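Here the protein sequences come in this chain order: A and B. Here the first sequence is numbered in my numbering, starting from 1 and rising by one per residue. Here the second sequence is numbered in my numbering, starting from 1 and rising by one per residue.
Any given hint could be a false lead.
[Stated by the list, open to error] Distance condition first, Cα-Cα at most 25 Å in a straight line; then the derived SDA-like pairs of lysine to any residue: (1) B:171 <-> A:14; (2) A:152 <-> A:2; (3) A:52 <-> B:290; (4) A:125 <-> B:179; (5) A:52 <-> B:95; (6) B:100 <-> A:12; (7) B:171 <-> A:90; (8) A:52 <-> B:90; (9) A:108 <-> B:95; (10) B:171 <-> A:98; (11) A:67 <-> B:171; (12) A:67 <-> B:194; (13) A:67 <-> B:96; (14) A:67 <-> B:61; (15) A:154 <-> B:195; (16) B:171 <-> A:28; (17) B:100 <-> A:14; (18) B:290 <-> A:133; (19) A:15 <-> B:201; (20) A:52 <-> B:171; (21) B:171 <-> A:196; (22) B:171 <-> A:133.
[To be verified] Selected chain A positions facing chain B (Cβ under 8 Å, derived; list incomplete): (23) 6; (24) 8; (25) 75; (26) 82; (27) 88; (28) 151.
[Said to hold, decoys possible] Simulated restraints, written as ranges between beta carbons of each label pair: (29) A:106 <-> B:98: 50 to 58 Å; (30) B:234 <-> A:167: 52 to 60 Å; (31) B:123 <-> A:106: 45 to 53 Å; (32) B:97 <-> A:5: 23 to 31 Å; (33) A:106 <-> B:291: 44 to 52 Å.
These are calculated hints, taken from the structure and not from any lab test. Here the structure is a predicted model, which means the values were calculated and not measured. For every residue, glycine included, the Cβ atom is placed at its ideal position computed from N, Cα and C.
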Amino acid sequence: MLSVENLHVSYGAIKALHGINLNVPKGSIVTLIGANGAGKSTTLRCLSGLVKCTTGSIKYEEKEISKMPPHLIVASGLCHVPEGRMVFSNLTVQENLRMGAYLQLDTKWISSQTDYVFGLFPRLKERRSQNAGTLSGGEQQMLAIGRALLSKPKFLMLDEPSLGIAPLLVKSIFERIVEINREQGLTILLIEQNANLALEVSSYAYVLESGKIMVEGPSAVVKADPQVQAAYLGA
Amino acid sequence: MDWFLQQAINGLGLGAIYALIALGYTMVYGVLRFINFAHSDVLMLGAFTALYVAPQIEKVAGAESPVGCVMVFVVAAAVCACIGMLIERLAYRPLRNRPKLAVLITAIGVSLLIEYTAQNEKVFGSAPQPFPKLLSDYEINLGNLVVSSNDILTVGVTIVLLVAMWWIVQKTRVGTAMRAVSYNQQAAALMGVPVDKIISFTFGLGSALAAIAGVLYAMKAPGIEPLMGVQPGLRAFVAAVLGGIGNLPGAVLGGFLLGLLETFAGGIPGLSNYRDAIAFGILILILLLKPAGLLGRSTIEKV
């Protein structure tokens, strides 16, 4: 569904990605793990059009999207839940969800999808008229995912959904992610520092180090790799 | 008492113009977090647009007809909306991701460029030109008080436009997008908001407001010239800060307050030469007590 070839990204003189190749098949959960500063977020930001690559190609559903502006990429169903959540803290939960549905014109679909999100994360329903800034970190993460679901995604990219969240909530959020993948048939590309968790839910994994893919393979194989175990799994 | 009320009426008429200009400053600031210093020159261009199209429209609609007057306002607003969007596209957008200081200096540059180009004899020339009468102006006497119909028009237009702007920002889809862009451009883009178009639209709207303010100002002024926007522009900027920059009702409140302060200070015998000093002195006091402005909320920058 998504294939990335030889992706290079620079911030001024600093090279962040040195030729990355990725392949995400339809309906799968693929994860990208790696240390801080390895280029994980940059990869996602490049896929959603927030950062432009210097060279390389990004093909999404057979279409080249590397030169497209972010709002058109979202319109084609590739949605990005950014690192640090970036919920609109000056808007209410409900208004945030409405923002997610900015491009959707079918009000019936919006209300049924909103109900689906409230079913997925009942906590959001309780706080629907509260300002998003007053939510806890975990609730904001739920809202960020819910908001993305209202953009009618076919392909969801999640950047560090466990970051700064209480462990109990992390578990429940990851269960929801798997549920979304199964029930809505969404393809998911997941970035995580918590490699154990990411390898558990995904079918295929890439390990990123200093802007290069060091290891890749089925998640179970990557999990057994002694190098990966030493560096990322604390074994 | 009569003196007091008369000054209040005059002050409201002046303040309404400041308020309209301040609305434009504050809208652009709300979305982009920067002061568009060329705003006061767009105001001047609005007045000159009216100067040139008014005789043509008069031929069609008749002299001093209300329909013709509305047409002049609409044309000036439309022309300036285009100019505003063009300025944003050519001067500010290329610097979008640069330090704010670079954009600020560019804005001053654009302002000077427009002013000095306009002063060229082949363009408008630097001598004041008489502004055509768009609407017959009459005075209404209320006891000992005199109210000019122009002032009523100005105050009315300002209030209607404030309500319209508030409605656009709070109630419409494009307004929601403006608020989202204001909060975080990248997050807004990830929701499918076309950030460039929204910013362009904001500039268009702000510039149309400046044009309307420019025409209203010209209707009261003895003549118009290329630097006519500088003084009211500066005051409106102060008004926007006073009301809480980025806040629409705040801009209007600040504008009216500044107009009133100036008129009252100017009306006290023996002090009229100090009217700006008094008005701005009071402003400094208010800002010392409320640094975020009257209606602004102070935000704590998270690091």
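Okay, the hints, checked on the actual structure:
In summary, the hint linking residue 171 (chain B) to residue 14 (chain A) is not supported, as the alpha carbons are separated by about 43 Å, beyond the 25 Å threshold. With a C-alpha separation of about 17 Å, the suggested pair residue 152 (chain A) and residue 2 (chain A) falls inside the 25 Å cut-off, and the hint holds. The straight-line distance between the Cα atoms of residue 52 (chain A) and residue 290 (chain B) is roughly 42 Å, outside the 25 Å bound, and the hint therefore fails. Restraint check for residue 125 (chain A) and residue 179 (chain B): satisfied, since their Cα atoms lie roughly 23 Å apart, inside the 25 Å limit.
Restraint check for residue 52 (chain A) and residue 95 (chain B): the C-alpha separation of about 16 Å stays at or below 25 Å, so the hint holds. This hinted pair checks out: residue 100 (chain B) and residue 12 (chain A) have alpha carbons roughly 18 Å apart, not beyond 25 Å. Of the supplied pair hints, the one linking residue 171 (chain B) and residue 90 (chain A) holds, its CA atoms being roughly 15 Å apart against a limit of 25 Å. A hinted pair counts as satisfied when its Cα atoms are at most 25 Å apart, and residue 52 (chain A) with residue 90 (chain B) qualifies at roughly 21 Å.
This hinted pair does not check out: residue 108 (chain A) and residue 95 (chain B) have alpha carbons roughly 41 Å apart, beyond 25 Å. A threshold of 25 Å between alpha carbons decides the hint, and for residue 171 (chain B) with residue 98 (chain A) the separation of about 13 Å falls inside it, so the pair holds. Restraint check: the Cα-Cα separation between residue 67 (chain A) and residue 171 (chain B) comes to about 33 Å, which exceeds 25 Å; the hinted pair is violated. The hinted pair formed by residue 67 (chain A) and residue 194 (chain B) meets the criterion: a straight-line CA distance of about 15 Å does not exceed 25 Å.
For the proposed pair residue 67 (chain A) and residue 96 (chain B), the alpha carbon gap of about 18 Å is at most 25 Å, so the pair holds. As the CA atoms of residue 67 (chain A) and residue 61 (chain B) are separated by approximately 50 Å, the hinted pair breaks the 25 Å bound. Restraint check for residue 154 (chain A) and residue 195 (chain B): the C-alpha separation of about 23 Å stays at or below 25 Å, so the hint holds. Restraint check for residue 171 (chain B) and residue 28 (chain A): not satisfied, since their Cα atoms lie roughly 40 Å apart, outside the 25 Å limit.
For a cut-off of 25 Å, the pair hint linking residue 100 (chain B) to residue 14 (chain A) stands: about 22 Å separates their Cα positions. Distance restraint check for residue 290 (chain B) and residue 133 (chain A): the Cα-Cα separation of roughly 24 Å lies within the 25 Å cut-off, and the hinted pair is therefore satisfied. Among the hinted pairs, residue 15 (chain A) with residue 201 (chain B) is inconsistent with the structure: their alpha-carbon atoms are about 35 Å apart, more than 25 Å. For the suggested pair residue 52 (chain A) and residue 171 (chain B), the alpha carbons sit about 34 Å apart, so the restraint of at most 25 Å is broken.
With a C-alpha separation of about 46 Å, the suggested pairing of residue 171 (chain B) with residue 196 (chain A) is violated against the 25 Å cut-off. Using a Cα cut-off of 25 Å, the hinted pair residue 171 (chain B) and residue 133 (chain A) holds, with the two alpha carbons roughly 21 Å apart. Violation of the interface hint for residue 6 (chain A) is found here, the shortest Cβ-Cβ separation to chain B being roughly 25 Å, above the 8 Å cut-off. The interface hint given for residue 8 (chain A) is broken, as the beta carbon of that residue sits about 20 Å from the closest beta carbon of chain B, more than 8 Å.
For the restraint placing residue 75 (chain A) at the interface with chain B, the shortest Cβ-Cβ distance is roughly 6 Å, inside the 8 Å limit, so the hint holds. Using the Cβ-Cβ criterion of 8 Å, the hint placing residue 82 (chain A) at the interface with chain B is satisfied: the shortest such distance is roughly 6 Å. Because the smallest distance between the Cβ of residue 88 (chain A) and any Cβ of chain B comes to about 5 Å, under 8 Å, the interface hint for this residue holds. Against a cut-off of 8 Å between C-beta atoms, the interface hint on residue 151 (chain A) holds, since the closest Cβ of chain B lies about 6 Å away.
Evaluation of the 50 to 58 Å hint for residue 106 (chain A) and residue 98 (chain B) yields a failure: the beta carbon distance comes to about 40 Å. Checking the proposed 52 to 60 Å range against residue 234 (chain B) and residue 167 (chain A) shows it holds: the Cβ atoms sit about 56 Å from each other. Look at residue 123 (chain B) against residue 106 (chain A): about 52 Å separates their beta carbons, and that is inside 45 to 53 Å. Taken as a hint, the range 23 to 31 Å holds for the pair residue 97 (chain B) and residue 5 (chain A), whose Cβ atoms sit roughly 27 Å apart.
Range check, residue 106 (chain A) to residue 291 (chain B): about 46 Å between beta-carbon atoms, so the 44 to 52 Å window is met.
Checked against the numbered hints listed earlier, the structure breaks hints 1, 3, 9, 11, 14, 16, 19, 20, 21, 23, 24, 29; every other hint is satisfied.
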